[in-house]
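2 protein chains.
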Amino acid sequence: MGKIYVVSISSGNILDMSNRAVKAIRDSDVVVGYTGYVSLIEELLKDKEVYSNSMKGEIERCRYAIKRAREGKKVSIISSGDAGLYGMAGPIFEMAEDLEVEYIPGITAAFLAASQLGAPVMHDMCTISLSDLLTPFEVIERRIKSAAEADFVITLYNPKSLGRINHLQYAINIIRLYRRDDTPVGIVKNALRKNQKVIITTIKEIDYDLVDMSTVLIIGNSQTYIKDGYMITPRGYKY
Amino acid sequence: MGKIYVVSISSGNILDMSNRAVKAIRDSDVVVGYTGYVSLIEELLKDKEVYSNSMKGEIERCRYAIKRAREGKKVSIISSGDAGLYGMAGPIFEMAEDLEVEYIPGITAAFLAASQLGAPVMHDMCTISLSDLLTPFEVIERRIKSAAEADFVITLYNPKSLGRINHLQYAINIIRLYRRDDTPVGIVKNALRKNQKVIITTIKEIDYDLVDMSTVLIIGNSQTYIKDGYMITPRGYKY
Chain A
1 MGKIYVVSIS SGNILDMSNR AVKAIRDSDV VVGYTGYVSL IEELLKDKEV
51 YSNSMKGEIE RCRYAIKRAR EGKKVSIISS GDAGLYGMAG PIFEMAEDLE
101 VEYIPGITAA FLAASQLGAP VMHDMCTISL SDLLTPFEVI ERRIKSAAEA
151 DFVITLYNPK SLGRINHLQY AINIIRLYRR DDTPVGIVKN ALRKNQKVII
201 TTIKEIDYDL VDMSTVLIIG NSQTYIKDGY MITPRGYKY
Chain B
1 MGKIYVVSIS SGNILDMSNR AVKAIRDSDV VVGYTGYVSL IEELLKDKEV
51 YSNSMKGEIE RCRYAIKRAR EGKKVSIISS GDAGLYGMAG PIFEMAEDLE
101 VEYIPGITAA FLAASQLGAP VMHDMCTISL SDLLTPFEVI ERRIKSAAEA
151 DFVITLYNPK SLGRINHLQY AINIIRLYRR DDTPVGIVKN ALRKNQKVII
201 TTIKEIDYDL VDMSTVLIIG NSQTYIKDGY MITPRGYKY
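Read top to bottom, the protein sequences are chains A and B. 1 is the number of the first residue of the first sequence in the numbering used here; add one for each residue after it. 1 is the number of the first residue of the second sequence in the numbering used here; add one for each residue after it.
Chain A with its partners taken away, still in its complex shape (with noise of 0.2 angstroms):
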């Protein structure tokens, strides 16, 4: 019997996957992905067979990995980060209807850029995609607002493409009307990938050219603050 592995390959480096997601691709025929990622596991491939494409192709890779699966092959589908946010466990569980599916969780990108900026998230957060290929981006104006005035962190998601370089200084400049001007943000490009790069700054002084698509910036709350190169905000434990 065929099945499907929706894996979840956090940064892409093996030191960040879980065991459960390096075995099911071992256990796996056909590995299934976007081309970037792909390349992020080729240590993995050996022997598999491989099928990728480019961005905007992910309805076409799931219909691949069913229709493999349906022929009775174990096929691991994977997404970088966690699959189960903006990747692809959603559109395989929609139609892998009489198929076995098995979602392997991993590091979303919030925590991998996280962990290269010190303890940024520690309290109440939020992921918010700038992406408006799928949402209306009256809907992600929406949540910013909400989220800057709740005072929650706030971790911008594909904050630019081509198509869209002006949605991230428009999404800014909603937070900063609530928010202070130092408020700290951590600027992650590549986590824990190679050519990964770190800024620490503030929301007043982002510079908007570092910014492309494997980044994620994460936006302080309130009472997040800037120590020896570290960006920490307090979860509230008096020492």
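There may be inaccurate statements among the hints.
Heads up, the list lumps identical chains together, so a pair's fine if it works in one copy or across two of them.
Stated by the list, open to error - Below are the DSS-like pairs computed for lysine-lysine, each with C-alpha atoms no more than 30 angstroms apart in a straight line:
id, residue 1, residue 2
1, K189, K23
2, K67, K204
3, K238, K197
4, K238, K56
5, K3, K67
Because the hints were derived from the structure by calculation, they are not lab data. Note that the structure is a prediction, hence the values are computed from the model and not measured.
Fit chain B to the given chain A structure using the hints.
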């Protein structure tokens, strides 16, 4: 030179830990943690000095970890889920002035739970802890209201303890002001541990007696639905 690893142990099952987390613990002389979490990783603790204590012993644990690291030891201080969300990363970075600290990220409870429910998160999400030990309940209440209003998928952490048995019901009643009665709710106790329990229900039918401190609840957004025993939040793809 001593060093502190802040290690996220995810579910506590070695299968869910990252290879980086396992390596850090193997590399440590001393392992520090809440008694309940230390017992989950017993197989990694042979020949280690272990310091554990009970809930509310967090600061004592940090002090001990820092003391032993200052004495030249390699020390792992562990948190379940991701140590950077309601865990030990914060207090360690706040207190460990002159020490080398490495925070190793992991899978936070929201995604451990999600993986057992289908694809309940998928879209913009937030986490809110209902523990008011360190946070005024008014702050928590405001976040619940904002998150519900802005249609985030909401994961509730620390939903119940002996001292606060009604907070959860109070929180759910706020959320119900903004969500349909049949909004799906996933309840997962001991995610990916022994004695795991998984329930998919609706917001009006939550059985509050099932919930304890080892439980998280994932409340769907306005689009979440139940299909074939899975809880699914669509990302917005057309098929």
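Status of the hints after comparison with the structure:
In this assembly of identical chains, K189 and K23 lie within 30 angstroms of each other by CA distance both inside one copy and across copies; the values are 28 angstroms within and 25 angstroms between. Neither within a single protomer nor between protomers do K67 and K204 lie at most 30 angstroms apart by alpha-carbon distance, with minima of 49 angstroms and 38 angstroms respectively. For the homomeric pair K238 and K197, neither the shortest alpha-carbon distance inside one copy (33 angstroms) nor that between copies (35 angstroms) is at most 30 angstroms. Within a single copy, K238 and K56 get their C-alpha atoms only as close as 48 angstroms, which misses the 30 angstroms cut-off; across copies the closest is 12 angstroms, which meets it.
For the homomeric pair K3 and K67, the shortest alpha-carbon distance inside one copy (11 angstroms) is at most 30 angstroms, but the shortest distance between copies (49 angstroms) is not.
Hints 2 and 3 from the list above are not met by this structure, while the remaining hints are.
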